[in-house]
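Q: Protein chains in written order, with the working numbering: chain A, 256 to 478; chain B, 92 to 325.
Hints may contain errors.
As the list claims (entries may be wrong) - Once the Cα atoms are required to be at most 25 angstroms apart in a straight line, the calculated DSS-like pairs of lysine-lysine come out as:
1) A:349 to A:389
2) A:416 to B:254
3) B:158 to A:384
4) A:427 to B:267
5) B:170 to B:153
6) A:416 to B:158
7) B:153 to B:246
8) B:168 to B:158
9) B:267 to A:384
10) A:403 to A:384
11) B:158 to A:427
12) B:168 to A:427
13) B:170 to B:135
14) A:259 to A:416
15) B:296 to B:267
16) A:384 to A:416
17) A:328 to B:168
18) A:416 to B:246
19) A:389 to A:403
20) B:170 to B:158
21) A:427 to B:153
Read the hints as simulated data drawn from the structure, not as lab findings. On a predicted model such as this, the values are computed, not experimentally measured, just so you know.
One-letter residues, chain by chain:
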Amino acid sequence: MIDKQVKTTADAVAGVRDGSTVLVAGFGAVGVADHLLDALHEQGARELTIVANNSGNGDQGLARLINSGRVRKVICSYPRSGDYSAFLNAYRSKSLELELLPQGTISERMRCHAAGLGGFFSPVSAGTKLGQGKETREIDGRLHVFEKPLKGDVALIKANKADRWGNLTYIKSARNFNPVMAMAADLTVVEVDTMVELGELDPEAVVTPSIFVDRIVVVGAHA
Amino acid sequence: MTAKSIVPLTREQMAWRAAQDLREGDYVNLGIGIPTLAASFVPKGREVIFHSENGILGMGPKPEPGKEDPYMVDAGKNKTTLVPGGCFVHHADAFLMIRGGHLDVSLLGAFEVSETGDLANWTTEDPAFPPGVGGAMDLAVGARAIRVIMEHTSKSGEPRILKACTYPLTAAACVKRIYTNLAVIDVTAQGLSVVEMIAGMTLEKLQTMTEPKLQLAPDWQVLAPPAAPEARAA
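If we strip away everything but chain A, and leave its shape as in the complex, we get (with noise of 0.2 angstroms):
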């Protein structure tokens, strides 16, 4: 019998090495996975690569690891969002890489990835500076660059409700980048509100289909 729920957010989290991609979802502080990044705090990898659209809010979750000394580079698109202070003092003191990217470009480099092509060419960007660097390409006339792929090792998503196969529902804005970063990673953990029974969730209304998801721990329902 497939089951992918484990007890323990630790148990979810176990096997995480240092030098790890981590994918954190979350808009602000709406759809994230703050039970699994306390675990991620608690069990300890370190030289973390995070992927997340903000970079953390007053001294919990990615905030923490930040304050931790666990981070290593942060790719987000909007670092100054909420209480920033760990990151700010982290960036300030050089201890931390940002590499800066279009929101839309973040989501969709993970996308690539999860649909197994080696990248896309986007007019986002072309001409800035955040597009410096970059391989460009004229295509009908307007110029475009290339973005790779973006895959992440493991990544932490925060859903409503599950079955033991791992499909998953969201609930209204917090969906936000869950269903993308749940297809990006080698290792695909989730916390969830609540299980279900296998059937019980209707199939129309799945977002994430279990082929994509590993692991999945019950934190009980909050905000």
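Position chain B against the provided structure of chain A, taking the given hints into account.
A: What follows is chain B alone, placed relative to chain A:
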């Protein structure tokens, strides 16, 4: 106040003016700041569908106090709502809509716009802080019409409509219309065309606050929003 005094538009009046150009059925993304205000000034009875980059299509007004939903935020991470008919998409599809030309209008704030429609709105290169781009570059290339709302001049009175932007570009030659607190200006192949000016403004006076050469559209009109535009639930 004499008859000759010139009163620049308020933020609400600028947003009101931009909202009048949104057509029935338009899919629209509103940038953070003054553009966000435009949602509440869409003429009554006109259905406009708002898109939010974090995966909302059919975004509504901000919630009434006490009715905030922790799962509902807009691009600025402020609490928002969904209108009947609205739906959710994941992030890559939200940006597919932006980048792929599916949005009718992207209404953005700006630091500077050039006479050819170059847009600078993502960084002032303050060395004390990390840069952040968010969805700015995506929004500046994808929509069918890119329009900007901004104050005509900087706080110190320097022009923000320039021959060439001094801040790093968000995208080149993308802006089609500029709404300022003094005028509405179209970016055309023949240069900048003033289609509306506030009461009492002259082309000569506007030119002193604008670096590139302005032309007055033959059918230009007075830009005269209501004194206090009535906001309504979008």
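Q: Hints first: check each against the structure and report whether it holds.
A: Taking the hints in turn, this is what the structure says about them:
{"no.": "1", "hint": "A:349 to A:389", "verdict": "holds (24 angstroms)"}
{"no.": "2", "hint": "A:416 to B:254", "verdict": "violated (54 angstroms)"}
{"no.": "3", "hint": "B:158 to A:384", "verdict": "violated (42 angstroms)"}
{"no.": "4", "hint": "A:427 to B:267", "verdict": "violated (33 angstroms)"}
{"no.": "5", "hint": "B:170 to B:153", "verdict": "holds (6 angstroms)"}
{"no.": "6", "hint": "A:416 to B:158", "verdict": "holds (24 angstroms)"}
{"no.": "7", "hint": "B:153 to B:246", "verdict": "violated (29 angstroms)"}
{"no.": "8", "hint": "B:168 to B:158", "verdict": "holds (16 angstroms)"}
{"no.": "9", "hint": "B:267 to A:384", "verdict": "holds (22 angstroms)"}
{"no.": "10", "hint": "A:403 to A:384", "verdict": "holds (17 angstroms)"}
{"no.": "11", "hint": "B:158 to A:427", "verdict": "holds (15 angstroms)"}
{"no.": "12", "hint": "B:168 to A:427", "verdict": "holds (14 angstroms)"}
{"no.": "13", "hint": "B:170 to B:135", "verdict": "holds (23 angstroms)"}
{"no.": "14", "hint": "A:259 to A:416", "verdict": "holds (13 angstroms)"}
{"no.": "15", "hint": "B:296 to B:267", "verdict": "holds (23 angstroms)"}
{"no.": "16", "hint": "A:384 to A:416", "verdict": "violated (41 angstroms)"}
{"no.": "17", "hint": "A:328 to B:168", "verdict": "holds (24 angstroms)"}
{"no.": "18", "hint": "A:416 to B:246", "verdict": "violated (50 angstroms)"}
{"no.": "19", "hint": "A:389 to A:403", "verdict": "holds (10 angstroms)"}
{"no.": "20", "hint": "B:170 to B:158", "verdict": "holds (10 angstroms)"}
{"no.": "21", "hint": "A:427 to B:153", "verdict": "holds (15 angstroms)"}
Comparing the model with each earlier hint shows violations of hints 2, 3, 4, 7, 16 and 18; every other hint is respected.
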